[in-house]
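J.: Listed below, chain by chain, are the residues.
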Amino acid sequence: MIRTGKVVKYGDNVDTDVIIPARYLTTGDPKELAVHCMEDIDLDFHNKVEDGDIMVAGYNFGCGSSREHAPISIKASGISIVIAKSFARIFYRNSINIGLAIVECPEAVDKISEGDKVSVDLDTGVITDETTGEKFQAEPFPEFIQQIITNGGLVESIKAGII
Amino acid sequence: MGMTMSQKILAAHAGLDKVEAGQLVLVNLDRVLGNDVTSPVAIKEFNKMGVKDVYDKTKVTMVMDHFTPNKDIKAAIQTKTCRDFCNELSIVNFFDVGRMGIEHALLPEKGLVVSGDVVIGADSHTCTYGALGAFSTGVGSTDMACGMATGKAWFKVPSAIKIVLTGEMPEYVSGKDVILHIIGKIGVDGALYKSMEYTGEGVKNLTMADRLTITNMAIEAGAKNGIFPVDEVTLQYIKEHSDREPVVYEADEDAVYDEVLEVNLSELRPTVAFPHLPENTRTIDEVGEVVIDQVVIGSCTNGLYKDIKEAADIIRGHKIADNVRAIIIPATQDIYLRLMKEGLLADFIEAGCVVSTPTCGPCLGGHMGILAKGERAVATTNRNFVGRMGDPESEVYLASPAVAAASAIAGKIAAPWEVK
Chain U
1 MIRTGKVVKY GDNVDTDVII PARYLTTGDP KELAVHCMED IDLDFHNKVE
51 DGDIMVAGYN FGCGSSREHA PISIKASGIS IVIAKSFARI FYRNSINIGL
101 AIVECPEAVD KISEGDKVSV DLDTGVITDE TTGEKFQAEP FPEFIQQIIT
151 NGGLVESIKA GII
Chain B
1 MGMTMSQKIL AAHAGLDKVE AGQLVLVNLD RVLGNDVTSP VAIKEFNKMG
51 VKDVYDKTKV TMVMDHFTPN KDIKAAIQTK TCRDFCNELS IVNFFDVGRM
101 GIEHALLPEK GLVVSGDVVI GADSHTCTYG ALGAFSTGVG STDMACGMAT
151 GKAWFKVPSA IKIVLTGEMP EYVSGKDVIL HIIGKIGVDG ALYKSMEYTG
201 EGVKNLTMAD RLTITNMAIE AGAKNGIFPV DEVTLQYIKE HSDREPVVYE
251 ADEDAVYDEV LEVNLSELRP TVAFPHLPEN TRTIDEVGEV VIDQVVIGSC
301 TNGLYKDIKE AADIIRGHKI ADNVRAIIIP ATQDIYLRLM KEGLLADFIE
351 AGCVVSTPTC GPCLGGHMGI LAKGERAVAT TNRNFVGRMG DPESEVYLAS
401 PAVAAASAIA GKIAAPWEVK
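Residue numbers (the working numbering), protein chains in the order written: chain U, 1 to 163; chain B, 1 to 420.
Be aware that a few hints might be false.
For lysine to aspartate or glutamate, the following DMTMM-like pairs were computed, each having C-alpha atoms within a straight-line distance of at most 20 Å [claimed, not checked]:
| hint | chain 1 | residue 1 | chain 2 | residue 2 |
| --- | --- | --- | --- | --- |
| 1 | B | K204 | B | E250 |
| 2 | B | K373 | U | E156 |
| 3 | B | K80 | U | D12 |
| 4 | B | K8 | B | E250 |
| 5 | B | K57 | B | E88 |
| 6 | B | K74 | U | E32 |
| 7 | B | K8 | B | E245 |
| 8 | U | K31 | U | D51 |
| 9 | U | K31 | U | D42 |
| 10 | B | K373 | B | D293 |
| 11 | B | K44 | U | E32 |
| 12 | B | K48 | U | E107 |
| 13 | B | K152 | U | E156 |
| 14 | U | K85 | B | E279 |
| 15 | B | K420 | B | D347 |
| 16 | B | K44 | U | E156 |
| 17 | B | K309 | B | E171 |
| 18 | B | K71 | U | D44 |
| 19 | B | K71 | U | E104 |
| 20 | B | K52 | U | E156 |
| 21 | B | K156 | U | E143 |
| 22 | B | K44 | U | D29 |
| 23 | B | K306 | B | E240 |
| 24 | B | K156 | B | D17 |
| 25 | B | K373 | U | E32 |
| 26 | B | K48 | U | E156 |
| 27 | B | K74 | U | E143 |
| 28 | B | K306 | B | E232 |
| 29 | B | K185 | B | E267 |
| 30 | B | K185 | U | E139 |
| 31 | B | K373 | U | D44 |
| 32 | B | K156 | U | E139 |
| 33 | U | K159 | B | D347 |
| 34 | B | K156 | U | D51 |
Okay, the calculated bits of chain B under chain U, using three or more residues with CB under 8 Å as the criterion [stated by the list, open to error]:
| hint | segment |
| --- | --- |
| 35 | 137-149 |
| 36 | 252-262 |
| 37 | 355-368 |
Short derived list, chain B residues pointing at chain U, Cβ under 7 Å [stated by the list, open to error]:
| hint | residue |
| --- | --- |
| 38 | K48 |
| 39 | V51 |
| 40 | K74 |
Hints in this document: simulated from the structure, not taken from any laboratory.
Ideal Cβ placement from N, Cα and C applies to all residues, glycine included.
Using the sequences and the hints given, assemble the complete structure.
T.: Have a look at this one:
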């Protein structure tokens, strides 16, 4: 499966408090959460992001709170995949569980710029910056993890009898 | 090749004689925890699964602590969702206002976690119970839902950093300074995916409250868990709080560690983490002039009796600075009651502090002490991220109860000995 979109880019240690501030955790509704996603470091995020866009970030993305609302709000904003140098462990687990595609690739993060058009092949792990023509190789997820993601998460996959 | 303490607990709960770092294991859970923010999402997922009942009515645990007493109508709906679910399924350990406390202070106090347990909680500070010699770690709501349904969770077996403690902490240094010092050394992703395993002759000099503070902030170094060896201090604590028998695991002598960090407790100074990361640490001697607007003493990190008592001993007989709002939050009802009976609440109130019912409240910018743009707080909490306690342009400085108390009196970040 290939995900293609325009890049929004952030730095290291983007924490779950800025991905979705706790003041909005009085709901679990994905659409409501999406309205406030990233607003403490990027007030314009909700308006500028389009369906399929790709989020690119540095080390330790998603650190802090265990709130599943963080990957839920990113996914509901239309982001099709997050490419980071590394992910914090609870965020990593939560993303797979709710079906948000993620991939680690430090080299790609260094070279890709805000606004570039990028495509990611989840099967092979090849990341292509279509704006610059550069290609990067990430470690693809094993097939069963990919199936969890493409089926919309762990619970949906259990219901569908995939795992 | 031997196993670390965390690996041994995971192996035993997976029914295996041996595990090694990187191996995927399915483990049996002794407790599955959630709060009023994460449980409603887990309940939604649980219901989607079509499961009729939880795996064990005594092991599933919900604590209403984040936005309680309900801060608004939406928060009221969230706690009602949890209350209705627990009532319907006759879940024993549901802790509502009047019985609740901040979850990671409450569970040890109620004896719900003992040495050797495996605990998951849909709250990142679930790693706190490592102080009792348990393997405990934070997960999201979907993992909580699957844990509630099956009593199992999968883990990648972590490698570990060995942290050797020596010496004894000087006066006015406590567990908070130990963990801030360590995070300052290794960084906010310095233990990513790993266990932080404490050992050394200095361990015996740490109270259970100090240990709980140290393991509480393992997540602030990116760790999967933090864990202390079980000793007389642990066994005495468990004896006083639980009917359950602890199971003691020890790291093998030939266990392999990714790195070894040595910390001489006697050399530590009161330490403050500057905005906006817990790794931005400075000793009290390096802070300079930082004028503040608010002090918060409480949270799952530093809301225990010992923490609040340390603050009271500094504040007693003083007045809070005119420019400061000082908010004291005992972590549980039992702690609150003890402080009241011993007259410590009066000390705070006479000094000009407010004392709140147990809640996570301001720590995560929920309620009970939100900051405006440009305001600064010294807090005994665990995170100082952008916007954590309110406006994205406010600032949080993390410190021990002693430094927070001294700062409340001085009106700026201050050492405890400056206000004696």
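J.: When the structure is checked against the list of hints, which entries are broken? Sort them ascending.
T.: Hint check: 2, 3, 12, 18, 19, 25, 27, 30, 33, 34, 36, 39 fail, others pass.
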